[in-house]
Amino acid sequence: MFVTSAYAQTAPAAPNTPAAPAGEVHTETGVAHGGEHKGAFPPLDSTYFASQLLWLVISFGLFYLLMKKVIVPRVGGILEHRHDRIAQDLDEAARLKAEADAAVETYEKELAAARSKGHKIAETAREAAKTKAAADRTAIEAELTEKLAAAETRIGEIKVKAFAEVGQIAEETATAIVDQLIGAKASGDDIKAAVAAAKTEA
Amino acid sequence: MANDPIHQFQISKIVPIEIGGIDFSFTNASLFMVATVACAAGFLYFSTSQRSVVPGRAQSVAEMSYEFIANMLREGAGSHGMKFFPLVFSLFMFVLTANLLGMFPYFFTVTSQIIVTFALAILVVGTVIVYGFYKHGLHFLKLFVPSGVPGALLPLVVAIEVISFLSRPISLSVRLFANMLAGHITLKVFAGFVGSLGALGALGIGGAILPLIMTVALTGLEFLVAFLQAYVFAVLTCMYLNDAVHPGGH
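Chains as they are written, first to last, in this note's numbering: chain X, 1 to 202; chain A, 1 to 250.
Calculated lysine to any residue pairs in the SDA-like style (CA-CA distance at most 20 Å, straight line):
1. X/K69 to A/V34
2. X/K68 to A/H80
3. X/K161 to X/A196
If you anchor each label on the Cβ, the simulated ranges turn out as follows:
4. X/G76 to A/I170: 31 to 37 Å
5. A/R74 to X/Y107: 45 to 51 Å
6. A/V53 to X/Y107: 32 to 38 Å
Don't read these hints as lab results, they were simulated from the structure. Think of the CB as a built atom: it goes at the ideal place given N, C-alpha and C, for glycine as much as any other residue.
Could you build all of it, start to finish, from the sequences and the hints given here?
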């Protein structure tokens with residue numbers, strides 16, 4: 001729209017400027033002038049049809065041959081090669097992934113085995129320690145019992161001995177007392193009997 | 001004639017050649033056909049010469065265009081159509097490169113000549129017809145007889161199918177030709193306004209900004225059209241080749 005008005009400005013302006021080049025006027029009526037000077041409208045002018053056809057056949061024919069023989073096989077080859085390469089790489093990746101998965105599986109299996117082995121070792125150690133502790137305790141207890149028994153025996157012996165000595169002491173004491181009291185020596189058998197009687201009473 | 005928007009389509013002889021009274025001169029159009037082939041083939045050749053598994057930028061572009069056309073053809077004509085891959089790929093690269101080269105100022109646009117696009121379209125349709133008859137014999141004519149049409153309507157449908165088939169080379173060639181031609185004329189006309197307005201003094205220079213913006217915008221659009229028309233040409237080629245591979249299958 002704007003341009004149409006600009007065009008309109010050009011038309012009256014052209015005659016006002018005498019220095020305007022002739023070509024400017026031709027701009028507006030180029031088609032008509034072209035027709036006057038050259039005969040036909042150039043793109044439809046049949047003068048050069050034969051020449052254009054010949055050169056089109058030559059150039060396009062060459063181009064077609066070049067495409068068919070060189071470019072298309074080459075680009076097709078590049079694309080195919082890449083396609084193969086990608087497929088190959090994908091296969092390789094899948095294979096590596098499977099390998100990695102297998103490795104992970106092995107690792108986990110081994111880890112589990114090691115873990116159970118560790119458990120077993122710990123269990124054994126714990127068991128051994130427990131057994132040893134129990135054995136030690138039993139041994140110590142037995143020793144203590146033994147010592148206790150020995151002590152008790154000794155106490156009993158001492159007791160018996162003491163009791164035996166008590167009779168003797170009592171006899172001596174009684175002899176001494178009787179000596180003091182009656183000034184006569186009591187017979188040993190009497191005293192012994194008396195002490196024994198007293199012992200049994202006590 | 002620098003401002004003449006048609007001047008860019010003018011063919012001029014570079015090396016006059018005449019064989020048997022017919023003018024086969026090497027013209028600026030021929031020059032740009034050769035340049036198109038040299039650019040496209042050179043790019044594809046040198047970008048893929050490394051054959052890297054991990055492509056660089058240029059090789060990526062070459063591979064992308066290869067896969068782009070390969071997918072287009074496989075979707076359009078099935079895996080049997082892949083034998084036409086070099087043809088479709090060549091057509092696409094040729095048209096695309098010619099269109100893009102035409103975007104350079106002072107360069108000749110090969111695809112803005114009706115005879116060039118018509119020849120390419122005839123090549124496509126000719127391939128369809130030749131291959132269709134070679135592969136399927138007279139069964140190829142089933143293309144014009146869709147199955148499941150009531151007998152009374154059949155002559156009409158067949159006539160329509162034949163007309164649509166015959167109009168294919170015209171529509172294919174005119175679409176590309178007209179797009180390139182119209183785009184370049186429009187671009188040139190708006191660019192011409194910038195110069196004409198700029199010669200008018202301060203006010204004119206101010207006013208010239210508008211066509212300048214338009215020219216910049218149109219240049220972007222023309223790059224899109226350059227790619228789009230090459231794409232459309234290739235897609236339609238794939239669809240037409242599908243008829244040659246699977247006649248009556250649509």
